[in-house]
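Could you slot chain D onto chain W? The hints should help.
One-letter residues, chain by chain:
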Amino acid sequence: MEQTQTQTKAAAPYTGEMAIMGREGDTKVMWDKTKPVEVDVARSTFDKLKKDGYSAYAVSDKGDKKGEAVRDFDPHAERLIFVPPMQAG
Amino acid sequence: MVVTNMTGTTNGSLDVWGVWNVTYANTAATSLTVNGTNTTIWTLWNQAYTSTSITATGGTDVIYMTVNQAHVWTNWNESLTARERAAAQQAAAGRRPSQEELDRWKRQEEEQRRKADEAAREARAAKERAEVLLLRHLSPQQQEDLRTKNCFTVEVDGCKYRIQRGSHGNVHMLGERADQIRKSFCIQPRDCPEGDAMLAQKLMLEHDAEKFWKIANVTHHDGKSVPKKDNVLEFRRLHKKAEAAA
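For the record, the sequence lines run as chains W and D.
Numbering-wise (my numbering), the first sequence opens with residue 2 and increments by one.
Numbering-wise (my numbering), the second sequence opens with residue 11 and increments by one.
One chain only, chain W, in its complex shape (with noise of 0.2 angstroms):
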């Protein structure tokens, strides 16, 4: 996938991450809302694993909660997972 310029910046503020499942484990992307051209390359990113069929969920820490699937990105959401699409083994 390639990557956008809000890819992890160690020790950066930002308010919300995405978490991209890949080959290599998974890619995390990062923003903060207060800043719009990190929500505009966020959401950028957002609509482009969406068209590619990825899945979106947004979660909590621990596990819980069982978070909710999402359909359309918010720059407030805090932790997403983007799973690739799936397919029967």
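Keep in mind that the hints are not guaranteed to be accurate.
[Stated by the list, open to error] Quick partial rundown of chain W residues pointing at chain D, CB under 8 angstroms, derived from the structure:
#, residue
1, D27
2, P85
3, M87
4, G90
[Said to hold, decoys possible] Only pairs whose alpha carbons sit at most 30 angstroms apart, straight line, appear in this in silico DSBU-like list of lysine-lysine:
#, chain 1, residue 1, chain 2, residue 2
5, D, K238, W, K67
6, W, K29, W, K52
7, D, K137, W, K29
8, D, K224, W, K67
9, W, K67, D, K137
10, D, K251, W, K67
11, W, K36, W, K51
12, D, K170, D, K250
13, D, K221, W, K49
14, D, K224, W, K49
15, W, K52, D, K238
16, W, K29, D, K221
17, D, K221, D, K238
18, W, K51, D, K239
19, D, K221, W, K67
20, D, K250, D, K224
21, W, K51, D, K238
22, D, K170, W, K67
23, W, K67, D, K159
24, W, K67, D, K239
Simulated from the structure, these hints should not be mistaken for laboratory data.
Just so you know, these numbers come straight off a predicted model, no measurement behind them.
For each residue, glycine too, the CB sits at the ideal point set by N, CA and C.
Same frame as chain W, but now just chain D:
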């Protein structure tokens, strides 16, 4: 890539693997079906690659192997070196290799080994990343179960599903007793490490179990397949029954 109708004697491996190595030495297959009568080689194969997402099962007539990590083939090919491949080809053509060829093959061998080592390192790193992501999204009980039993349970509409460590055929719907398997499912995201596959299975079961059933290959507890067209009907029947019981 799917390779089918590869025939030969698997006992001793010469025919099947000779064809495989000469023809597919530099490819990454996703699925391979071998017609054979001896499962020994598959046992060895599985033992060698237990840490990767690969499984092979054998019967008396047909053996199925599914691979979802291209680097498995890199490792496999590394073990059959360039020198061996070329020497076999030259022997077949009836001439001895020159010193120049031997030197070139040695260099190729070293390069292959280096690439295989790199692929193995990347695979380990991917596996570790996936494990971290998985653990981060399991409840404390699920984490404990994964650590002690190599599996964790997900409950949907009163139905319990057990996700075992693995990526293929590792999801089971449980009966009234925890050791009773009602159905087994083979469904996974493409090209993902084990931890990611397990998390994807958990998320999909929790959010869209019907779609999970619809996509998966489902088998009964006795190993017989559920016809694909019946998957959703069976899902609705069992989940309705569980909801009513609850």
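Each hint tested on the structure:
1. The interface hint given for D27 of chain W is met, as the beta carbon of that residue sits about 5 angstroms from the closest beta carbon of chain D, less than 8 angstroms.
2. Given the 8 angstroms rule on beta carbons, the hint for P85 of chain W holds: about 4 angstroms separates it from the nearest Cβ of chain D.
3. Here the hint on M87 of chain W is kept, as its CB sits about 5 angstroms from the closest CB of chain D, short of 8 angstroms.
4. Look at G90 of chain W: its Cβ gets to within about 4 angstroms of chain D, closer than 8 angstroms, so that hint holds up.
5. A C-alpha spacing of about 28 angstroms is found between K238 of chain D and K67 of chain W, which places the hinted pair at or below 30 angstroms, so the restraint holds.
6. Taken as a hint, the K29 of chain W and K52 of chain W pair is honoured in the structure, with Cα atoms around 18 angstroms apart against an allowance of 30 angstroms.
7. Only pairs whose Cα atoms come within 30 angstroms are accepted, and K137 of chain D paired with K29 of chain W is accepted, the gap being roughly 15 angstroms.
8. Among the hinted pairs, K224 of chain D with K67 of chain W is consistent with the structure: their alpha-carbon atoms are about 21 angstroms apart, no more than 30 angstroms.
9. For the given pair, K67 of chain W sits about 24 angstroms from K137 of chain D by alpha-carbon distance, which is consistent with the 30 angstroms threshold.
10. Distance hint between K251 of chain D and K67 of chain W is fulfilled; the C-alpha atoms sit about 23 angstroms from each other, no more than 30 angstroms.
11. About 23 angstroms separates the Cα atoms of K36 of chain W and K51 of chain W, which keeps this hinted pair within 30 angstroms; it holds.
12. About 13 angstroms separates the Cα atoms of K170 of chain D and K250 of chain D, which keeps this hinted pair within 30 angstroms; it holds.
13. With a C-alpha separation of about 22 angstroms, the suggested pair K221 of chain D and K49 of chain W falls inside the 30 angstroms cut-off, and the hint holds.
14. For the hint pairing K224 of chain D with K49 of chain W, the CA-to-CA distance comes to about 25 angstroms; that is within 30 angstroms, so the pair holds.
15. Proximity of K52 of chain W to K238 of chain D is assessed by CA-CA distance (about 26 angstroms); at most 30 angstroms being required, the pair is judged to hold.
16. Distance check on the hinted pair: K29 of chain W and K221 of chain D sit about 27 angstroms apart at the alpha-carbon level, within 30 angstroms; holds.
17. A threshold of 30 angstroms between alpha carbons decides the hint, and for K221 of chain D with K238 of chain D the separation of about 12 angstroms falls inside it, so the pair holds.
18. Between K51 of chain W and K239 of chain D the CA atoms are separated by roughly 27 angstroms; this keeps the pair inside 30 angstroms, and the hint holds.
19. The straight-line distance between the Cα atoms of K221 of chain D and K67 of chain W is roughly 17 angstroms, inside the 30 angstroms bound, and the hint therefore holds.
20. Distance hint between K250 of chain D and K224 of chain D is fulfilled; the C-alpha atoms sit about 16 angstroms from each other, no more than 30 angstroms.
21. About 26 angstroms separates the Cα atoms of K51 of chain W and K238 of chain D, which keeps this hinted pair within 30 angstroms; it holds.
22. About 15 angstroms separates the Cα atoms of K170 of chain D and K67 of chain W, which keeps this hinted pair within 30 angstroms; it holds.
23. In summary, the hint linking K67 of chain W to K159 of chain D is supported, as the alpha carbons are separated by about 22 angstroms, within the 30 angstroms threshold.
24. In summary, the hint linking K67 of chain W to K239 of chain D is supported, as the alpha carbons are separated by about 29 angstroms, within the 30 angstroms threshold.
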